[in-house]
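Numbering-wise, the numbering used here puts 461 at position 79 of the sequence shown, and it's gapless, one number per residue.
You may find that some hints are simply not true.
Computed list of lysine-lysine pairs in PhoX-like fashion (alpha-carbon distance at most 20 Å, straight line) [claimed, not checked]: (1) Lys713 x Lys499; (2) Lys827 x Lys1136; (3) Lys1444 x Lys1428; (4) Lys1164 x Lys1375; (5) Lys1428 x Lys1463; (6) Lys1199 x Lys1232; (7) Lys827 x Lys1133; (8) Lys1428 x Lys1457; (9) Lys577 x Lys499; (10) Lys1375 x Lys1199; (11) Lys578 x Lys503; (12) Lys827 x Lys1134; (13) Lys1237 x Lys1409; (14) Lys1287 x Lys1232; (15) Lys1136 x Lys659; (16) Lys1143 x Lys659; (17) Lys1160 x Lys1375; (18) Lys701 x Lys645; (19) Lys578 x Lys499; (20) Lys577 x Lys503; (21) Lys1279 x Lys1232; (22) Lys1425 x Lys1463; (23) Lys1160 x Lys782; (24) Lys1199 x Lys1237; (25) Lys1444 x Lys1425; (26) Lys1133 x Lys1143; (27) Lys723 x Lys713.
These are computed hints drawn from the structure, not numbers from a lab.
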Amino acid sequence: MSDSGTPSSSLRRAVPSDETGNDLDHNQRLIFPDSDLNELEECIETDHPSHGYTEIPFTRIYELVPNKHEACNCFIPGTAFSVEVTDVERFGSSRRTEKTCRYTVRISHGPFEWAIKRRYKHFHQLHQELQRYRALLHLQRPARRLKEHRLSMRRERKVNAEDKTSRPPQLPARIDSSQQDNTPANVETNLSSRKKHVENYLQTLLRIPVYRDHPSTLEFLEVSRLSFINKLGPKGIEGNVNKRSGGYTMQRCCGNICFLWSKRYLVLKDSFMLYMKQDEGRISSVLLFDRHFNVHMADPTEVHGGIVIENMSRTLTVKCASYRQALWWLKSVQEFVETHKSPYLQENRFGSFAPPRDAIPVKWYVNAAEYFLDVAYALESAQEEIFITDWWLSPEIYLKRPPVEGNYWRLDYVLKRRAEAGVRVYVLLYKEVELALGINSGYSKHTLMNAHENIKVIRHPNHVASTVFFWAHHEKLVVIDQTLAFLGGIDLAYGRWDDHQHRLTDVGSVAQRISPQQEASPTQEASPSQEASPTQEASPSQETTSQDPLNSPSNSEQMHSQDESVTGNTDLTDGATSEVEPDSVPRISAFGAQGWSRLRKVYHTQESVLRDSTSDQQDAAGDRVDGKDASSTLEGIVHRWRNVLRQKLHREDPQKNNLNKHKMDIWEDYGTVRPSSVELFGEARFWHGKDYCNCVFKDWVQLDKPLDDFIDRHVTPRMPWHDIGVAVQGGTARDVARHFIQRWNFAWTEKKKKSIMTFPKLLPKSLSVPTRPSVQLKGFLKANVQLLRSASDWSAGIKEPEKSIHDAYIDTINNSKHFIYIENQFFVSCADDKTIFNGIGDAITNRIIKAYREKQHFRVYVVVPLLPGFEGDLTTGGGNAIQAVMHFNYRTICRGKYSIVERLKVEMDDMWVQFISFCSLRTHAELGGRPITELIYVHSKMLIADDRTVIIGSANINDRSMLGRRDSELAVVVSDTEFVPSTMDGQPYEAGKFAGSLRNNCFRLILGLLDQPNVDISDVVSEHFFKDIWTVTAGRNATIFDKVFKCIPSDFILNSEQLACKDTHDALVEQDGDKARQKLKGVQGFLVQFPLLFLQEQNLMPAIHTKEGIMPTELWT
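Make a model of the complete structure from these sequences and hints.
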């Protein structure tokens, strides 16, 4: 700070003082018009400190206004200040002590404490600004009213003279600075006196809101609207600086040559720094703390009085008013960072940006049914923010299945409902290359943003500007209020919802009643090994259409005449008719266990009303549905409803209102009305429209028509989807949110399009505040958890790529003692440093070789899809993309000198089969009166080691996901801290609660043992389990499927000629359906052997003249 300028020896008052201080009262009140006096006196605070405080809501960060704005209330309401001058430094000549003294002032406000350094001239400047402010308001008042105002003030002063205690506190108009003897003996006394004057001045100033909230006071105190938001953490140094443009990882034109200097307001928090434009009230940039965060003085030959702040995303240069001020900034930042010790500043295990965290609540999900259900309840509970990012997001998916409550639990409806409640929703979508991928993220973006202004969507990357064409944002996450996070392999998209039954058909008929005990509830306690089990099976005998009847053009006219509610739009229903009176609708609780019970009571009640009010003929006609007695089924009740409803809707009858109401609106405990059509109950489905899919048979088309089927349900089975997800709370949820915030802010900065300029920059919450989510979901266990990711300059804007997922896989495999279980969508590894670079396959091979040499019992279980999930038909040569991925999968598993099997054969010949097993999943059902089969698509990205360590995320085992420079990914590594007795290799063993329960559920599911708890599968290393259960089950199932269906892929098809000549007429299902059904009864679970010999004589790489063949190899690896 410069010492230029000579302040006056005191702050003069405009009116001479007297002993009573009445002139002060008069001078203070000259600011305000008559109408504001009473309001002013009420808002002046007392000297009594507040023992509690009102927390400023976190959503204040989205309501920033310029500091000069009249609504810029920065302080905590009803909370007093404490001011203490802790130090006075003297500079220069003692004859001018006011000029040469610098005061260190420590201020506390509620739980916040901070220090400022000010010289006497700064106090002088502040007081002059306040005097000028008072004078300006005084001059703006009309002269006639001023005279009346003064007369009023004189009368009021007489009253206050009699009762001085009722007079508001006054603003001291001067800091006494009487000339003292400056001999050494009196210096300490003089400094103590000045400290007292400063404390009294500021203490009184801060008790008067009109002066305390003045922009000059806020700047003097280093305070902004972000200072006292408790969830942002403690207050650090703040103030105006000049910042230099540039310094980002992505370079702009002339970015290293031409610089612009701009005035910005810098704010320091415990895990980030930011600067904003105070004249606009908008955050411009956020610098998150990371292991490369550093603050140092700038080169004086380049920037005088400057400091450099850098992290992995940016190098920011700022310039202070003087060299001494720059030193103060540098010292303040370093001391603040050292005091609060952010865990993001340290080097973390596996090179991750996030540290390992202890005792984190964590929950696993096998398949998307329960995952979607918990996401639905979590979204519904959001109070402040929702973060979502997906490789693909379908706004019209249903989070609760079957959707018996209409569109209430449809994703876009849930998000719109929360946005209307004031929750901010931020969605990051992967922006695909439209010529290569048909996920139509543009449609998803506009659908969500058109729902409500509080929903903001950014698509990334910009392919041309960033030159990123081949890589994708592949992580999937949902974050609620930065306290609860869902992640893993499950996109909120079509085709992902599935449960433990892995159904192949869904023609939409209700086969049996829905048990109230089988509707999952957010508060229902359940074992982690248990799965939700919907009870509605699709009945092949009731298939009538290949298109969703709720949106079928052929049925729309008939449905409109029956219900007058389905209008052919993208809504599942359109609610009740205009004749419905909401006040008389039966009130039912939210659809949990009690909800189903009450709903059935409503059905039975209305059934009796209709029966009493109609003729026997009508009743008899309504008792038959396709010749079946439906009186004991929900479908029969609904059908009887419809018949009577059509005749009663337009008749004048005392029961008219009640009949209309049962179209029906369902009143919820949430206080809203949920539309639900009778038609919906009669045609309940799990997968509507585009959600019924088989991506190998046909890829998605016309995504802007979500309820239109695009494959024939009557002919083509859906492809079941097997996936794994996880939910975390506490500090790890904060880490997941931090990753999203970093990506969002980077995408915002890189795009800088006019359409997103109004979008806010996001801020991470502090770890110093509680992290308990607002909804308490059941099934969580405590474990040590660390967040991992694959990220780089293009995906997250960081200088060095992070591949912590890859390193965690390698470390976990190397340190495993007994077994490894892997489920993954791809299996592309075994580095040759030319084509493949990730070392996961090599680590598996080396660990098996080590076990063989040391004569250990060690098992590796690998479960992958039978075929890659790309559209195409291998039998007709239309599956080039499938073949390309198959080539690299087989290269990793068993073909070529770098493969796992070939390297193991060199070491142990055929003994490798004792150590590793490659399997897949397949199932069967009935469709159109005949048995059918389809592979179960394994989309999981999971590794379990020793029943103690788990890695779950979005990362496939390939270079795209693992190297960090390519696709962006997210995962968690979970290490158990709570254990249960178990068995391993025939010996007593302590298995982790989290890892053990997850592995047990996966094995029971795919082995068909969910209903056989008496079968012990704890010792997965034993010969009995590995051979007699796992290997035998996989082999038997594969043999049955091949005999019955002649499936592809198969070990009996070695080249393209045999594939082309494949004759399915030899399949048992074509020769004798009854024998085929009898044979299929021998299938247990879903496990089948992976066909290692399939097309082994064929070069699977696409021909160079095909579009797949001209693509770079990195696209497939």
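ask   = Of the hints stated earlier, which fail here?
value = No hint contradicted; all consistent.
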